[in-house]
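S.K.: Spelled out, the chains give:
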Amino acid sequence: MIRVWKTTLKLRMLIGFIVILIFGGLLISKAFDLQVIEGPKLRALARRQFHANVYFTPERGNIYSSNNSILATSINVPGIAVDPLMVRHKLKNAEKLSKITGISYSKIIKILNRRIQFAWIKRRISEKTAKGIEKEGIEGVVIVKQPVRYYPNGTLLAHVLGFVGIDDNGLSGIEYKYNNFLKGNKRALKVLHDGLGQYIFIRGFGLKKATHGDNIYLTINKQLQFITQYYLDKEAKAADSKGAFAILMDPNTGAILAMADYPDFNPNYYWKYSAGYWRNRAVTDDFEPGSTMKPFVVAAALSEGIIKPDTIINCYHGAYSLDGITVHDVENWFGKFSVNQIVEYSSNVGECQIGMKFKKPQLYKWFGLWGFGHVPHAGLLGEAKGIVRPLREWSEVGPCEMAFGQGISVTGLQEMSGLSVIANGGRMIKPYIIKKIVNAYGKVIYKAKPTYLKRIITSKVDKEIKYMMRLVVKSGTGQYSNLIDFKVSGKTGTGQIADPRTGKYYKNKYTASFMAFVPYKHPELAMLVVQQEPSKIGYYGGAVSAPVVRSVFKNALNILNIYPRGNAYIKQSKIKTNSAESGNVATINSIKSSNSQTKNSDNNPAINYSGTMQDLKGDTIYKALNILKHYRLRIKIKGSGYLYYQSINPGTNPDSEKIIVLKFKPDKVLKKINNKQ
Amino acid sequence: MSKIKPYFIVLVIILTVLGIFYVWTTMESIKLGYNITKLNNIKSKLEHKHKELLIKKTALSSPSRIYGIASKMGFIYPKEGEIIMVHD
Numbered sequence: 001m002i003r004v005w006k007t008t009l010k011l012r013m014l015i016g017f018i019v020i021l022i023f024g025g026l027l028i029s030k031a032f033d034l035q036v037i038e039g040p041k042l043r044a045l046a047r048r049q050f051h052a053n054v055y056f057t058p059e060r061g062n063i064y065s066s067n068n069s070i071l072a073t074s075i076n077v078p079g080i081a082v083d084p085l086m087v088r089h090k091l092k093n094a095e096k097l098s099k100i101t102g103i104s105y106s107k108i109i110k111i112l113n114r115r116i117q118f119a120w121i122k123r124r125i126s127e128k129t130a131k132g133i134e135k136e137g138i139e140g141v142v143i144v145k146q147p148v149r150y151y152p153n154g155t156l157l158a159h160v161l162g163f164v165g166i167d168d169n170g171l172s173g174i175e176y177k178y179n180n181f182l183k184g185n186k187r188a189l190k191v192l193h194d195g196l197g198q199y200i201f202i203r204g205f206g207l208k209k210a211t212h213g214d215n216i217y218l219t220i221n222k223q224l225q226f227i228t229q230y231y232l233d234k235e236a237k238a239a240d241s242k243g244a245f246a247i248l249m250d251p252n253t254g255a256i257l258a259m260a261d262y263p264d265f266n267p268n269y270y271w272k273y274s275a276g277y278w279r280n281r282a283v284t285d286d287f288e289p290g291s292t293m294k295p296f297v298v299a300a301a302l303s304e305g306i307i308k309p310d311t312i313i314n315c316y317h318g319a320y321s322l323d324g325i326t327v328h329d330v331e332n333w334f335g336k337f338s339v340n341q342i343v344e345y346s347s348n349v350g351e352c353q354i355g356m357k358f359k360k361p362q363l364y365k366w367f368g369l370w371g372f373g374h375v376p377h378a379g380l381l382g383e384a385k386g387i388v389r390p391l392r393e394w395s396e397v398g399p400c401e402m403a404f405g406q407g408i409s410v411t412g413l414q415e416m417s418g419l420s421v422i423a424n425g426g427r428m429i430k431p432y433i434i435k436k437i438v439n440a441y442g443k444v445i446y447k448a449k450p451t452y453l454k455r456i457i458t459s460k461v462d463k464e465i466k467y468m469m470r471l472v473v474k475s476g477t478g479q480y481s482n483l484i485d486f487k488v489s490g491k492t493g494t495g496q497i498a499d500p501r502t503g504k505y506y507k508n509k510y511t512a513s514f515m516a517f518v519p520y521k522h523p524e525l526a527m528l529v530v531q532q533e534p535s536k537i538g539y540y541g542g543a544v545s546a547p548v549v550r551s552v553f554k555n556a557l558n559i560l561n562i563y564p565r566g567n568a569y570i571k572q573s574k575i576k577t578n579s580a581e582s583g584n585v586a587t588i589n590s591i592k593s594s595n596s597q598t599k600n601s602d603n604n605p606a607i608n609y610s611g612t613m614q615d616l617k618g619d620t621i622y623k624a625l626n627i628l629k630h631y632r633l634r635i636k637i638k639g640s641g642y643l644y645y646q647s648i649n650p651g652t653n654p655d656s657e658k659i660i661v662l663k664f665k666p667d668k669v670l671k672k673i674n675n676k677q
Numbered sequence: 001m002s003k004i005k006p007y008f009i010v011l012v013i014i015l016t017v018l019g020i021f022y023v024w025t026t027m028e029s030i031k032l033g034y035n036i037t038k039l040n041n042i043k044s045k046l047e048h049k050h051k052e053l054l055i056k057k058t059a060l061s062s063p064s065r066i067y068g069i070a071s072k073m074g075f076i077y078p079k080e081g082e083i084i085m086v087h088d
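Protein chains in written order, with my numbering: chain D, 1 to 677; chain R, 1 to 88.
Check each hint, because a few of them may be wrong.
Listed next, the in silico SDA-like pairs over lysine to any residue satisfying Cα-Cα at most 25 Å (straight line) [stated by the list, open to error]:
id	chain 1	residue 1	chain 2	residue 2
1	R	K51	D	T211
2	R	K49	D	D167
3	D	K638	D	V661
4	D	K131	D	F118
5	D	K629	D	D485
6	D	K145	R	N41
7	D	K658	D	L625
8	D	K617	D	N674
9	D	K145	R	K38
10	R	K57	D	D264
11	R	K51	D	N266
12	D	K237	R	Y77
13	R	K51	D	D167
14	R	K56	D	Y270
Derived coverage of chain D by chain R (criterion: at least 3 residues anywhere in the stretch with Cβ under 8 Å from a Cβ of chain R; other residues may be distant) [what the hints assert, rightly or not]:
id	segment
15	63-74
16	145-153
Quick caveat, the hints were computed from the structure, so don't treat them as lab data.
We put the beta carbon where it would ideally sit given N, CA and C, even for glycine.
Start from the sequences, fold in the hints, and give me the full structure.
M.R.: See the structure below:
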């Protein structure tokens, strides 16, 4: 019995062993199949199911003004996309889509009937429309958000900024020139996702996102840009000019503070304007400068010792013939003029004779020194180099004509570079518009510094030419740019426009320009305004362009906190207005004046005011301040209305005092006192 | 055999604990992964909102708009001589 049991046990064990062996073998072979033979394929399949590549589209960098205000940015705007193969009930859905979007039914049905998997119905739609589409929940129709370039200030600085195409690539201006900086890098990130499609960021999967584009900071001051654009537009319209441009620059650093073009365009809708509107005339257009060339030639002649400011030249009553040409002046009373007067009254005859005093290579060298015929490299798109003909092409009378700005072409930016040399004391400085470039992580990758190239004229010559340009504004052809509080120096220019087919000058087409700087002795601002083919008001630079300069200077100096103090000025770094105590206490302080600036003040009675304190009783704040501005006193104001208390008594000498406290209140008796005054 | 048995039990317990710990960390890691996703989404939304507000602010404070409003209200740039200088 035991033997039988043992035998069957052995048999059962054998069978069990064989079964285990078979199943084990099968398992091992299956595992081998899964791991080795099918392994790579299955692993790839798993990767596809659980891993995903998430593409992070880089954000295009912003463009900022010098005071960190956004000039260009990107926003995500919804668009409607469709997979036509997935859309059912096409007729009904096309009707729905047409109703929400306003796109014609036939156009939508045409898209829905296409045998493709992706098509745009409309790229830029409003959030409201997008919500309407999402609410309908049409299968196959999706809302896709895409970055769109947005210029929040509209037309402001449009010609410099340029614009971006539908593929997020810059097409013009800064957007085009610095596209590689602004664009950023697209990057894919591997992530795990679950059955619901939710991404799971776990270790081993980097969190490196796309590198967003760099942010570009310009030297442009938004407020100065606005007033420059505003006044240029206003005057160009009044003069019915075909085109116009203006450049405002800091002549001491070369920083371009404003650059405006007329007519302007809105870069948010650039496609609505013809290509002619997009051009930045200030850098691309060259033109015969006319008389604005005169200070440069005169400064060169003074430097070479050819003339002196008081050298007398006969202007032959406005007509001078040489070598087959006759040079005319605007006026026929011009007789024997000093060089100062030649510049002041802009005599072509006098200037022609100065030009003829040069040896040709000498004058050619000076044009090069002023930067004419060379690209300024200010960092803008399409900078032209103008036309300075090679020496061998100069006619005998070439120096005469070029001395008063004919037969030579310059760009606005080149003239500004030259003007800055005169304004800053004689040093050639490189104009620039890119202040800094900061990458997406906040690291400054480029920072501009003023680049002084070399000294062009001595400070003696500089003073002489500055004085001549001051005369132009004071009593010469540029009087429309005169300011009451500041001394402006400048030069008018009226260039004839040549017919490109015949090479002869049109009889009625002119370029009216005016270049100037302010304040006269220590300039803070330099500006050029050029109007192309003005047909109303007049065509002289002094009449058409000088008023723009005047308006811009007047307001720009306020914006920059540069205030007059007699013939000198004060550059104010900060104004603090405190509200303290119970009443209104306005303390205006932190007003700093540079010694060098005040030292250079002319004999101004206002500054050296001395006398006894006046009785201010009953005066308004405005009236009291108008009187007190002549005293060297710090003023504290309390209250409002009419003055009832002044801390320095009337009739006393205020010289030993530093501060005066004024108290005001609304009072009928005081009002009567005020009215009697 | 009886001497090896306690070690074997301890080994099994250690392995079990380690196994449970491994599963727990993996689960926590996945949970954290979800949290990161969620926080990333919130971050993106907030960044987007911040940018939207910044753009809105820029558009609202654009000089041409301010000038238009100021003109309607009768404000003008001060004329020459109207600015009174007070100083230290």
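S.K.: Taking a Cβ-to-Cβ distance below 8 Å as contact, does the segment 145-153 of chain D have at least three residues touching chain R?
M.R.: Check passed, 3 qualifying residues.
S.K.: Hinted pair, alpha-carbon criterion (25 Å max): K57(R), D264(D). Please report holds or violated.
M.R.: Holds, at about 23 Å.
S.K.: Between K617(D) and N674(D), does the CA-CA distance stay at or below 25 Å?
M.R.: Since the Cα atoms of K617(D) and N674(D) sit roughly 8 Å apart, the hinted pair holds (cutoff 25 Å).
S.K.: Is the straight-line distance between the alpha-carbon of K629(D) and that of D485(D) 25 Å or less?
M.R.: holds, 14 Å
S.K.: Does K51(R) pair with N266(D) here, judged by a C-alpha cut-off of 25 Å?
M.R.: holds, 22 Å
S.K.: If you draw a straight line from the CA of K237(D) to the CA of Y77(R), is it 25 Å or shorter?
M.R.: holds, 21 Å
S.K.: Next pair to validate is K56(R) with Y270(D); report whether the Cα-Cα distance is within 25 Å.
M.R.: Satisfied, since the Cα-Cα distance of roughly 21 Å is no more than 25 Å.
S.K.: Do three or more residues from the segment 63-74 of chain D put their C-beta atoms closer than 8 Å to C-beta atoms of chain R?
M.R.: That given contact holds, which follows from 3 residues of the segment 63-74 of chain D lying within Cβ reach (below 8 Å) of chain R.
S.K.: Going straight from one Cα to the other, do K658(D) and L625(D) come out at no more than 25 Å?
M.R.: Roughly 15 Å between the alpha carbons, so the hint for K658(D) and L625(D) holds.
S.K.: Starting from K145(D), check that the Cα of K38(R) is at most 25 Å away, please.
M.R.: holds, 20 Å
S.K.: Could you grab the alpha-carbon distance between K49(R) and D167(D) and see if it respects the 25 Å cut-off?
M.R.: holds, 24 Å
S.K.: Can you confirm whether the C-alpha distance between K131(D) and F118(D) stays at or below 25 Å?
M.R.: Holds: K131(D) and F118(D) sit about 21 Å apart, inside 25 Å.
Violated hints: none; the structure is consistent with every hint.
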